[in-house]
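Based on the hints, put chain B in the right spot on chain V.
Number of protein chains: 2
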Amino acid sequence: MKKTACRNAFYAQSGGVTAVINATAAGVIETARAHKSRIGKVYAGRNGIIGALTEDLIDTSRESARAIAALKHTPAGAFGSCRYKLKGLDENRAQYQRLIDVFRAHDIGYFFYNGGNDSADTCLKVSQIAQRLGYPLAALHLPKTVDNDLAVTDNCPGFGSVAKYVATSMREAAFDVASMARTSTKVFVLEVMGRHAGWITAAVGMAEDAGTPIPLVLLFPEIAFDETKFLAAVDDRVKRFGYCCIGVSEGVKNAQGRLMAEAGTQDAFGHAQLGGAGPLIAKLVNDRFGYKYHWAVADYLQRAARHLASKTDVAHAYAVGKAAVLFALAGHHGVMTAIERTSDKPYRWKIAIAPLDKVANVEKMLPRDYITKDGFGITAKARGYLAPLIRGEDFPPFRDGLPQYIRLKNVAVPKKLATGFVI
Amino acid sequence: MKKTACRNAFYAQSGGVTAVINATAAGVIETARAHKSRIGKVYAGRNGIIGALTEDLIDTSRESARAIAALKHTPAGAFGSCRYKLKGLDENRAQYQRLIDVFRAHDIGYFFYNGGNDSADTCLKVSQIAQRLGYPLAALHLPKTVDNDLAVTDNCPGFGSVAKYVATSMREAAFDVASMARTSTKVFVLEVMGRHAGWITAAVGMAEDAGTPIPLVLLFPEIAFDETKFLAAVDDRVKRFGYCCIGVSEGVKNAQGRLMAEAGTQDAFGHAQLGGAGPLIAKLVNDRFGYKYHWAVADYLQRAARHLASKTDVAHAYAVGKAAVLFALAGHHGVMTAIERTSDKPYRWKIAIAPLDKVANVEKMLPRDYITKDGFGITAKARGYLAPLIRGEDFPPFRDGLPQYIRLKNVAVPKKLATGFVI
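Residue numbers (our numbering), protein chains in the order written: chain V, 1 to 423; chain B, 1001 to 1423.
Chain V on its own, in the form it takes in the complex:
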C-alpha cells in the first residue's frame, strides 16, 4: 500500500456498546495525536458507519486532551453507535462506493472500525473494495463485544467488565438470598446477556470461589434446556443449602433449539430481541416447588456498568485502539488487533495481529470443557480463563456521589460532497 505523508483517520463504533469501548477510542485518538506527522485528524463517525455513509463526521481534534482522557472512564459510545449492517459487495456496491467517496473527500487514509463480528465483516469488505478501486486505505478492525464471541482474540474488550459485574452482582445477591431463605426467598434468578455464546453466563459462576461457596445453577445457551434435570438440580441446592441462585443466559434454548423466551421482534441484524428467560425460569421453579423467588434482569446495566469495570479490561480496550494505529502506521491493513494471552500465571498478554477473514462472521462459543459434565456449572479450566479478565478495579471519578462521565462536544466536520445518502 502506498504510504502518504499525512492523511486523516476515520474511527467508528458499531453494534452494542460496552463499558470500555470509549477507552479504545481514547487509545486511537491519543496515539494518532502522538503521530501528527503521519495522521492528520481523527474523524469519528456519528452513529457508527452511518456517519461515514451520510458524511456526518465528528472532528475529534476539537476535543481537549482532558476530554479524550476522560473517555477512558466513560461507558457507552461517545460518538454514537449503530446497528446497521452493510450488505454484500455485489448486493449493494453503492454503499461501498459512497464510503470511498466520503473518505476521498476528507483525505481519509485510515479506517478504524470498532465492533463485533458483524463489523469485522464490514471492515473486511471496506478493505477489499478500497483495494479494488485503487483507493489507498488501511482498514483495521478493533475488537469490542460483551459477548466475547470473536475468533482468534483471547478475549474481547467489554467482556471482562461485564464478567466482573455479573459475578459481583450474583455474589451480592447470593448473600441477600441466604439471609432471606429461612422464611422467604429461596430461589433467585439473574438473567444475563449472551445471545448465542455462554461466556457471560460462565462469568456468573465466578461469583463463588473456595472462600465463598454459593449454590449456583447456570443455564448456558450452548446446553439444551432439560427441565427435569434442571428442576432436580435446583431442588437439590435448596434442600442442601436452603437456597439456590440461578444464572440464566437470555439465549437459553430447549432441546429443539427454540429460544425459551422470544419477544417476537428482531433487531436490524435479524437477531431476535430477547428478554424474559429469567422470569420464565423463576416461574417454572415456583410452579413445581412453590419456592418463593425473585428475579433480576440486568440488561443494559451489565454492559454500561463502568463504575465496576475490570482494570484488565480497560487496559485491553485501550491497547487494541493504540495498537491499531501503530499497526496501520507500520503498513498493516485488513486485520484486527487481537489480544493474545502469553501466560496464565502470572497473567501476561500482548496485542497480536489477526487476519480479518478468520474473524468476520465467526462466533466463538464457550468450549464444552469449560462447562461441568452436568451442564450447570463451570470447570477449573473456565475459571483459569476468566480469572485474569475480571481482575483489578478502575473506578471512575465520583462527584456528589455519582460517577462523572464525559460528554464530548462532537463538532461536525463541514460536508464536502454535493450529494447526500439515504440510510
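Please keep in mind that the hints were generated in silico from the structure rather than gathered at the bench. Being a predicted model, the structure only gives us computed values, none of them experimental. The C-beta atom is built at its ideal place from N, Cα and C for all residues, glycine as well. Heads up, a few of these hints could be off.
[As the list claims (entries may be wrong)] What follows is a set of in silico ranges between Cβ atoms, one per label pair, in the way DEER data are often shown:
#, chain 1, residue 1, chain 2, residue 2, range
1, V, 416, B, 1256, 55 to 65 Å
2, V, 381, B, 1365, 26 to 36 Å
3, V, 330, B, 1404, 36 to 46 Å
4, B, 1242, V, 363, 26 to 36 Å
5, B, 1065, V, 384, 31 to 41 Å
6, V, 340, B, 1342, 51 to 61 Å
[Claimed, not checked] Listed next, the in silico DSBU-like pairs over lysine-lysine satisfying Cα-Cα at most 30 Å (straight line):
#, chain 1, residue 1, chain 2, residue 2
7, V, 253, B, 1292
8, V, 292, B, 1087
9, V, 409, B, 1292
10, B, 1415, B, 1036
11, V, 311, B, 1311
12, V, 292, B, 1085
[Unchecked claim] To list a few chain B residues with every Cβ distance to chain V over 12 Å, as calculated:
#, residue
13, 1006
14, 1083
15, 1163
16, 1171
17, 1284
18, 1334
19, 1361
Relative to the frame of chain V, chain B by itself:
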C-alpha cells in the same frame, strides 16, 4: 427500669436486608464490646426474631474483632433475617411469653431489633409485654429499610446505598441508550423497588444533573398512572432528545389504585409480591409507538450492591447501632434511634431518639412537593433531600477482582430451655 450490673444483649435483623444492615450489627457489637462491664455477650437471633422464639441464638463473642469489623463492608444479613410478623398481644400472647422466657434463660437485658415499620411494631410490643410482666428489658429499635418509609427519622439506613445504585445505574444505562438510539433502542425502562413509597423512584431522578441532562420519565407509586399523559411524555422525550429513560416503581398503580403488575402471590406479611411493572411499561410504549426498547429489573441487585454503597449511608447505619447501645446504657427503652438532619449545606446530622409508637406501622410517603407538577420528575426540594444521602464512596476490599465479604462462624449458644417452639 432497674439497672443490672452486667447483662447480655440480643440483636436481630428483620425483613428485607440491605447493603449496610451489617454495619448496624457492627455498631451494636463493637459498642457493646467497648462496655464489657455493663453488657456481657451479644447474642444474635438466627434468622431474626425466629432465632429468639426457637432459642436459636448465635454467640457473637466467638467472632474475632476483625470479622465484626468486616461486617461494615458486607451486604445482607450476617445472622439471617426473616419475614415473620408477631401477632397482636391479645391474639398470640404465647409468642411474647416465649420471647421473655428465652430472654430470661439467657439473662438478656437488651433487645436490639433492626428492621422496618413492621419490626418497630414488634419491638414496641416486646417492650410493653416486658414491662407488663415485670421483666427488665431495654427494647430498642434500629431503623433499616431500603424503602426509606419510616416516620420520624430523616432517612433509613439502606436507602442511601440503593439510591446511589439506581441513580448510577440509570446514568450509565442512559449513556448506553443515547449511543444506540439512532438505529436501535430508543426507550429504556428500569424497574426499582419501593412498594408504596416512591423514595427509590425519586432517587432514579438523581441520575441526571445540570452537567449530565438525561430525558427521564419517572413513575411513582404515589401518582396514579395516566397512560395518555405518560405516553405523551415519553414521545416528547424521544422526539426532542432521540431517546427516553423511564424509572418505574414496582408499585406503580392505576387510577383505581390497582397495582399495574401483580404476580398474584403474597409474602408472609400479606404484601403482594411484585415484579413486572418494568416490562409491562416497556411493552406499552412499544405497542403505541413501535420504539425499540430494553428493560431491566434490578431487584435484589439494588439492595445488595455493597460494592457501590453510599459512604453517608454506611456511616448512618453504623451510628444507629452504636447509639442504640449507648442509649440503652443511659436507660432508654421503647425507642428507635433516628437520624436527624441538622443542616443541609453543609450536610450535618446526629442521632436522635424517636418514640416507637410514632414509628410502628406508619409509612412515610414521598411528599407531593418532591414530585414535579406533571408527576414525572423530581423537584429541587427532592434533590436537596437526596443529595447528601448518596454522597461518598466506601468500596469494599477486592481480591481477584471480586468484593470480599465476610461469612461469620455463627456458633450457636447452647439451649437452656427444655421446651421448643414451633414457628
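Return the numbers of the hints above that this structure violates; sort them in rising order.
2, 14, 15 and 16
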